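Number of protein chains: 4
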Amino acid sequence: MIKDSNVLQNNNRLCYGMVGGGFGSFIGEVHCIAVRMNNNIDLVAGSFSSNYENSLKTGESLGLKKERIYKDYNEMAERESKREDGIDFVSIVTPNHLHYPVAKKFLENGINVVCEKPLVFEPQQAEELIKIAEEKDLILAVTYTYTGYPMVKEARELVKEGVIGKIRFVYGEYSQDWLASKVEEENKQASWRVDPRRAGKSNVVGDIGTHIENVVSFITGLRIKSLCANLDTFVEGRELDDNAEILLKFENNATGIFWCSQIAIGHDNDLKIRIYGDKGSVEWEQENPNQLKLTKLNGSTQIISRGRTELHPKAQIYSRLPSGHPEGYFEAMSNIYSSIYSVLLKKKAGEKIESKDFDFPTGKDGLNGVVFVNKCVESSKNFSSWVEL
Amino acid sequence: MIKDSNVLQNNNRLCYGMVGGGFGSFIGEVHCIAVRMNNNIDLVAGSFSSNYENSLKTGESLGLKKERIYKDYNEMAERESKREDGIDFVSIVTPNHLHYPVAKKFLENGINVVCEKPLVFEPQQAEELIKIAEEKDLILAVTYTYTGYPMVKEARELVKEGVIGKIRFVYGEYSQDWLASKVEEENKQASWRVDPRRAGKSNVVGDIGTHIENVVSFITGLRIKSLCANLDTFVEGRELDDNAEILLKFENNATGIFWCSQIAIGHDNDLKIRIYGDKGSVEWEQENPNQLKLTKLNGSTQIISRGRTELHPKAQIYSRLPSGHPEGYFEAMSNIYSSIYSVLLKKKAGEKIESKDFDFPTGKDGLNGVVFVNKCVESSKNFSSWVEL
Amino acid sequence: MIKDSNVLQNNNRLCYGMVGGGFGSFIGEVHCIAVRMNNNIDLVAGSFSSNYENSLKTGESLGLKKERIYKDYNEMAERESKREDGIDFVSIVTPNHLHYPVAKKFLENGINVVCEKPLVFEPQQAEELIKIAEEKDLILAVTYTYTGYPMVKEARELVKEGVIGKIRFVYGEYSQDWLASKVEEENKQASWRVDPRRAGKSNVVGDIGTHIENVVSFITGLRIKSLCANLDTFVEGRELDDNAEILLKFENNATGIFWCSQIAIGHDNDLKIRIYGDKGSVEWEQENPNQLKLTKLNGSTQIISRGRTELHPKAQIYSRLPSGHPEGYFEAMSNIYSSIYSVLLKKKAGEKIESKDFDFPTGKDGLNGVVFVNKCVESSKNFSSWVEL
Amino acid sequence: MIKDSNVLQNNNRLCYGMVGGGFGSFIGEVHCIAVRMNNNIDLVAGSFSSNYENSLKTGESLGLKKERIYKDYNEMAERESKREDGIDFVSIVTPNHLHYPVAKKFLENGINVVCEKPLVFEPQQAEELIKIAEEKDLILAVTYTYTGYPMVKEARELVKEGVIGKIRFVYGEYSQDWLASKVEEENKQASWRVDPRRAGKSNVVGDIGTHIENVVSFITGLRIKSLCANLDTFVEGRELDDNAEILLKFENNATGIFWCSQIAIGHDNDLKIRIYGDKGSVEWEQENPNQLKLTKLNGSTQIISRGRTELHPKAQIYSRLPSGHPEGYFEAMSNIYSSIYSVLLKKKAGEKIESKDFDFPTGKDGLNGVVFVNKCVESSKNFSSWVEL
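Chains as they are written, first to last, in this note's numbering: chain Y, 1 to 389; chain B, 1 to 389; chain G, 1 to 389; chain C, 1 to 389.
The shape of chain Y in the complex, shown without the other chains (with noise of 0.2 Å):
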């Protein structure tokens, strides 16, 4: 049943901005639409792409008010930090490479900040922007999209809860095979991708590898003390990597293999994340995201089905439907969205937020994938050898 805490809320309606996410773009669109389904926040302001006519063709057809259609991202933050009716935070949702100084300069005019993964370049970049989010006390979200899935926050309680005992393997997969050849010519969301400039040092690793690692460590909780990575460019003429294979060391000494791919022929967005611990094990697919399966030591495998079993409680207020009743990627994102809601509503209502508030994905994970990536990298170029993290 669709909680109606969850749903239905008129009072304390939120209102955001958006930066990118123009016609043809792809996340933007999810963002507005997982918005949408939770009927609390209104977008108002928007800079949707550097070409202006595009900006306010996109902004005109939501519904915006022409005066809050902005040129650039500049002009929005400032003018929307000295409106009284201002957005509550900007969702940014450009390409890679614009996430740091879009983040930076709505942080620095006192606006809350959603922005999609990765969250920017360089571990000091992610310091800084975290730092001035700390110091105005401002939110910096960060949208990995995967573990706003309910089954992934009860798979991430069925841990806590020692259900499986002692973390010693975890086994992680992002396979796709939409860069199997070379695309990137004719397609927009290719293209970006595989461009250093734009998307960064790594393709494969930036674009879903850190989504392995979120998963991973938002589940499991364990931080990773060693790599070791090689990342292939198997498509040639490309400059970015489109495979990559990982072995990690975790700090408890649980092992770890990670695998990404853009040219696994077969699969469309095939995140796999198991988690082997000394009494159980816990395995998750996103692309059949309403089970999990459960295994206890010397028993059967059990699958766990989303609204059929109660769920942990907090994995249960992101359920809205019943059972065999399919959720999925538009609502993973909603519930992310929900959840920076609550947290803006107790900001603004001047109560103090705890750490179990933050209940999204933070500028802290946004800097642990930074890192992940560039440990990635820098592993690889050394000859797949082992670095610390």
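Because the hints were derived from the structure by calculation, they are not lab data. Hints are not guaranteed to be accurate.
Stated by the list, open to error - Here chain Y is said to cover these stretches of chain C; the calculated rule only asks that three of the stretch's residues, wherever they fall, bring their Cβ under 8 Å from a Cβ of chain Y:
| no. | region |
| --- | --- |
| 1 | 236-248 |
| 2 | 258-269 |
| 3 | 275-282 |
| 4 | 372-385 |
Predicted model, so just to flag it, every value in this text is computed and none were measured. The C-beta atom is built at its ideal place from N, Cα and C for all residues, glycine as well.
Keeping the supplied structure of chain Y fixed, place chains B, G and C upon it in accordance with the hints.
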């Protein structure tokens, strides 16, 4: 990629009202969220509950003006029909027994109707509503959600194209287990469904069996000629059926089996449709809605994945996300509203509506559903003998 | 681990003969291999084909002495019954129409009979064979292979123990596609199956539908009270049925659906059995025979894996390999022979045989199968009306 | 349909002996059953256990004459080599540490050798055995069972034909959970595997990792150039590894990941191989061995089912049953013996053996396996640095 045309539309916004859907209801929220995903229709009026307090609270939480939260549907139909900015259509999401009077009232007042299934209890009632809608040139849509899934549309196109040849046999199953024991005392969703005064003559055939009938009809275009049904009531003290087996003969000599159950322990919401022709077969499962299995005679089974393979244009327009990013139940419902929206917009613009524009279930489908349910009940009461349709 | 007791037995070897199974036959070889796996019964005599040349060639290739390769089954029965070292039993693997006369001949000559299904064409024939066997204190076994699978035994034990409670509904499906087009002209296996003179009154119900009936009866112990069947013949020019839908009522008020088809494109040998009780359900699929799904009321679905979890002792003894090492069709047949072997050995030793020793299908099961097939045909011919059993 | 040529062969029967495989062993029985399925080789001699009593009991139960049940393998090799009716080959199914001396002894006595994997512990030992076999013109086969599956053969043929193009990436996994806790004290199968004196330098890589290496090499034909391995020992007090992660580089610039584990709770015997090329991919899973997934670039995934689709002739000859009738582990082993049988028969007939006749793993594969295991151990001990092969 999300279709701009599908999602972003500011000009030509429509508005609607809702009857039913007060706090604690299930399907009302689904309609609200589905409509919001498309961002082209605003909820502006409602009579959400027979309890006015609940209605008021619901309406206010949804941002409605108090003056448009009505005491009852009669008042709502009358007043809205007189407003210049009156609703473009009403969505009826009440328990089944109210569908008929509410739909009739709104149609009579010149307001387009979108009604939950089953449309009504008696064929004559359905025919009456259809007649009024025709005479007044109004839309009468019935929200059989499952035909909104892109892969169900794809299955229809494959059949139309002759890919599986002449249809021989149809297998439809809709199994759930939430009524496997006597939960109706505590569970509001259960209590009205097993109450003949509110649910009609059948629980399981009316509530879910009719979805099998509708999806099969949608994909194959085949009319049922005769059927033989046995309706079971397994849970003691229950008045209506909770499991049903149905044999069918179709107009082209195809045969079929439908099984619907709410006592099938282990099943959540397991709607499965398989269509066998003389050249191939298609298979679709609602709990894994982004895929379709296609097998051609003497060939290997292919897994058609939404987004991966280019779908037929009439299915493709309903796909919002790239392959492997799961779309679910809300999107299916939202797609039905997309299609209703397009037709209403054409109507408003004075354009001619052709039958091919109606890519959503209409009163005719509602009538078929009512006839189907009634014939199943008739057969079962008559010692499960064969009855003609 | 392979059970020593099951596999290794040198003392007390038995010997058998075969009628049918000449070069080009299918099921004869299956019996030979199944018997060899157990290494406790030797093939020593045979009449493998109505064509003596073929018979001779087959027998010699199997290492038989020429004197024990017979011209016809009459000669074989008579001579073997007179030998001191005569066969302990005969396995009959001919086309269906020969089962009756061959079985009768051997029983009359005092030789135990293992016969392929369907046992015979008419209930009176089955009753006659049962009577002769009883009078002569002989074994009459019928090789319904699928009850030999360890996980089918496990399902039976789970039901017996009451784990799924009182049975409410049974779903059985056996779908294949090898007769989806007119292959009978080139395919020897097909040609006799669709020929009423050799196959009997029904093709699809007799050939595979009867397996559903047998496995369901084996697992549930329920007797069919009445049924309503529709037999289709979809391929033009075919004399017998190739698809059938059957509704059933069982003695305890459980109901059921059986569907069997050889025109269901996309299915290889897809026997699926699901049993729903008031406390749980079990589900087994022949193409994935080493697993069983078990769901208890309000619980999550468990995947019971052969070898992984300790099975009930009566299932465990039929498991030869550790978990995850697939056992298949040969092993299922071999398990039936294991059980026949044990009973014959006891008999030979003059021990009393109890009914619980018969962990293989007997003449009684064969009779049930014949009645089932005949009643399906009768119902279908009578406009698919209900018939009592 | 079972191939007559494959199964029925009386002329030209061969005979063999066995070292190891006494009561309580696992793999010995598998070999016995596998050989019996083919009905062309007889077990006539053996030294089944270091405990002569056990050996005697085992041999007698298998029908051997007492004079050919030997006290030890030395005696057996010597006496059998002198008999006119001596064994055509010996199957060595002892714990690992005995493979080398036993194989050497039999080869030196002019007897063909079929040996369980891993062939030996040291590359020099493997090279020595290969050399003796060559000099004496003897067969040295290594029973890597999984290459015997028809669908593994089919994968090899698909790769050979270029269906998936140039190979880019290989993923191999072999996960089990039977050693997830300290079972070695009660479990005989476990105790020798984790004992370096009997198992060698590695448990998990030697026992199961080497199967990944062998199947990958079999399907792709690619040689490993270098690898980087980390061997974990998670269960306290265990001497050898129970989980291992391995990165690989192959000769054609393909890369790969192998993961093998015996502590992966929830996995039975989960060998999975996926091969990605620039034109397509194939995927095979040992627990569902009758199917293969094939995806061509931009196409939908196809499920190739053994028996359903006509396989390549070199795979087809190993298929015994029609589609959908599961074949399993015994058949895979049996297929290896089929192939060994054919070569031995040719040899006996004085025919020239070509390298393409060897459709079973040989000493060369055994050597590769030993090198692979040793290099993994070397890398892991050297802080998981990269080592060349």
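These are the hints, each one checked on the structure:
no., hint, in the structure
1, 236-248, "holds (count 3)"
2, 258-269, "holds (count 6)"
3, 275-282, "holds (count 6)"
4, 372-385, "holds (count 3)"
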